[in-house]
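Grab the two chains, each in its own frame, and use the hints to assemble them into the complex.
Here is how the chains run, residue by residue.
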Amino acid sequence: DAKTTQPPSMDCAEGRAANLPCNHSTISGNEYVYWYRQIHSQGPQYIIHGLKNNETNEMASLIITEDRKSSTLILPHATLRDTAVYYCIVRVAFLRNTPLVFGKGTRLSVIA
Amino acid sequence: DVKVTQSSRYLVKRTGEKVFLECVQDMDHENMFWYRQDPGLGLRLIYFSYDVKMKEKGDIPEGYSVSREKKERFSLILESASTNQTSMYLCASSPEGQGRAEQYFGPGTRLTVT
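Residue numbers (this note's numbering), protein chains in the order written: chain Y, 118 to 229; chain C, 263 to 376.
Take the hints with a grain of salt, since some may be wrong.
[To be verified] Partial list, computed: chain C residues near chain Y (C-beta under 8 Å):
#1 Gly304
#2 Leu305
#3 Leu352
#4 Glu364
#5 Gln365
#6 Tyr366
#7 Phe367
#8 Gly368
#9 Pro369
#10 Gly370
[As the list claims (entries may be wrong)] Heads up, simulated BS3-like pairs for lysine-lysine below, C-alpha to C-alpha not over 30 Å straight-line:
#11 C:Lys333 - C:Lys317
#12 Y:Lys120 - C:Lys319
#13 C:Lys265 - Y:Lys221
#14 C:Lys319 - C:Lys332
#15 Y:Lys221 - C:Lys319
#16 C:Lys317 - Y:Lys120
#17 C:Lys265 - Y:Lys169
#18 Y:Lys221 - Y:Lys169
#19 C:Lys315 - C:Lys280
#20 C:Lys280 - C:Lys317
#21 C:Lys319 - C:Lys280
#22 Y:Lys221 - C:Lys317
[Stated by the list, open to error] Under 7 Å between C-beta atoms, here's a sample of chain Y residues computed to sit facing chain C:
#23 Gln159
#24 Gly160
#25 Pro161
#26 Tyr163
#27 His166
#28 Phe219
Keep in mind that the hints were calculated from the coordinates and are not lab data. Ideal placement from N, C-alpha and C gives every residue a C-beta, glycine not left out.
Isolated chain C, as found in the complex (with noise of 0.2 Å):
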């Protein structure tokens, strides 16, 4: 089965801090991707990546910068944590290749900056 890990269920963190969500899987897929999930706007994608070192901003980038230094490891970052980053923060792999796009999400990490 694939897994897809993150490191914290729930956080609080004080507006200003720098905080780091880490995200883990373990079928090697080439894809990874994190999206912010809002009550009422849905799923939205914050940065991907598709390779190491590689990433691409999504729709909502703005305070928020990517790590990617291993293809199994896929790092979040709030540079300077604000209350509107309050979320839940969903990180998914996809392998690559026609007809597979499907993701694999993990449990995701509700996040909460006062």
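Just chain Y, same shape as in the assembly (with noise of 0.2 Å):
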């Protein structure tokens, strides 16, 4: 799997929108880019990932760069809800036996 860079941490104003920047300048043709977080005390929860469309769901939106080098993922309305450890990772989707592997990612603290 490529490597991503994350920032440490990140601070956003409540009903702000938060952008968290993600560098993968080694991705492959074939690896998509996946984002989770994790809030404290539970499981990871997926959220959204793109391959090199732009993709927006429920949740949030995903924005990948024309060369694919790096991504942010966009909170429009960022609530307290939404304070957590955020994660993303490339790896080749359709591989059984390739676990997701997690780095230290971004805390993101949202702030009343």
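This is how it looks when you write it as structure tokens:
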């Protein structure tokens, strides 16, 4: 799996958009970008994934640069419940025996 | 919504006991996984299964075994619990198919072995 680089921590005011960056400069053509988050004392939660096009779902938007070397997860209206560690992972999608590898992620603190 | 449930949130066992951790998913997913999570070490894969009665070792299978008799249920067994198996155990499931490798996690079981 290609490695990812994320800032260790970020703050965001409640109600504002949270933009979480991720660098993955060695990503391969068949690797997807996945985002997960983990709220304290809970299991990781899948958020969104994409290959090269921007993606949006009910939780977030994923913007992938044209060269695919970086991406940004956007939480459009952050709430206190979005305080968590956010993980950016790149991996081949259909590869049964490749586990998810969680790095250190970004600790997002949403402030009232 | 995908739902992955684990039998206990907190468990305390004594050294040498046999421990069963149960995981059930309700979305007909083919793949199921057991991880443990420890501070500073991240998530480490213990075992996974991509079909009923199929299992494959992950990165740290020693001291553990698994059972998958039904598609929706994946059990992790600690044959003889030891203090170094004190950890948070996380079960996950994922659907099969191209571009569908997202994993859905249960709430976790915090196991303490004394």
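Structure-based check of all given hints:
no.: 1; hint: Gly304; verdict: holds (5 Å)
no.: 2; hint: Leu305; verdict: holds (5 Å)
no.: 3; hint: Leu352; verdict: holds (5 Å)
no.: 4; hint: Glu364; verdict: holds (5 Å)
no.: 5; hint: Gln365; verdict: holds (6 Å)
no.: 6; hint: Tyr366; verdict: holds (6 Å)
no.: 7; hint: Phe367; verdict: holds (3 Å)
no.: 8; hint: Gly368; verdict: holds (5 Å)
no.: 9; hint: Pro369; verdict: holds (5 Å)
no.: 10; hint: Gly370; verdict: holds (5 Å)
no.: 11; hint: C:Lys333 - C:Lys317; verdict: holds (12 Å)
no.: 12; hint: Y:Lys120 - C:Lys319; verdict: holds (23 Å)
no.: 13; hint: C:Lys265 - Y:Lys221; verdict: holds (26 Å)
no.: 14; hint: C:Lys319 - C:Lys332; verdict: holds (19 Å)
no.: 15; hint: Y:Lys221 - C:Lys319; verdict: holds (24 Å)
no.: 16; hint: C:Lys317 - Y:Lys120; verdict: holds (27 Å)
no.: 17; hint: C:Lys265 - Y:Lys169; verdict: holds (28 Å)
no.: 18; hint: Y:Lys221 - Y:Lys169; verdict: holds (24 Å)
no.: 19; hint: C:Lys315 - C:Lys280; verdict: holds (21 Å)
no.: 20; hint: C:Lys280 - C:Lys317; verdict: holds (20 Å)
no.: 21; hint: C:Lys319 - C:Lys280; verdict: holds (20 Å)
no.: 22; hint: Y:Lys221 - C:Lys317; verdict: holds (28 Å)
no.: 23; hint: Gln159; verdict: holds (6 Å)
no.: 24; hint: Gly160; verdict: holds (3 Å)
no.: 25; hint: Pro161; verdict: holds (5 Å)
no.: 26; hint: Tyr163; verdict: holds (5 Å)
no.: 27; hint: His166; verdict: holds (6 Å)
no.: 28; hint: Phe219; verdict: holds (5 Å)
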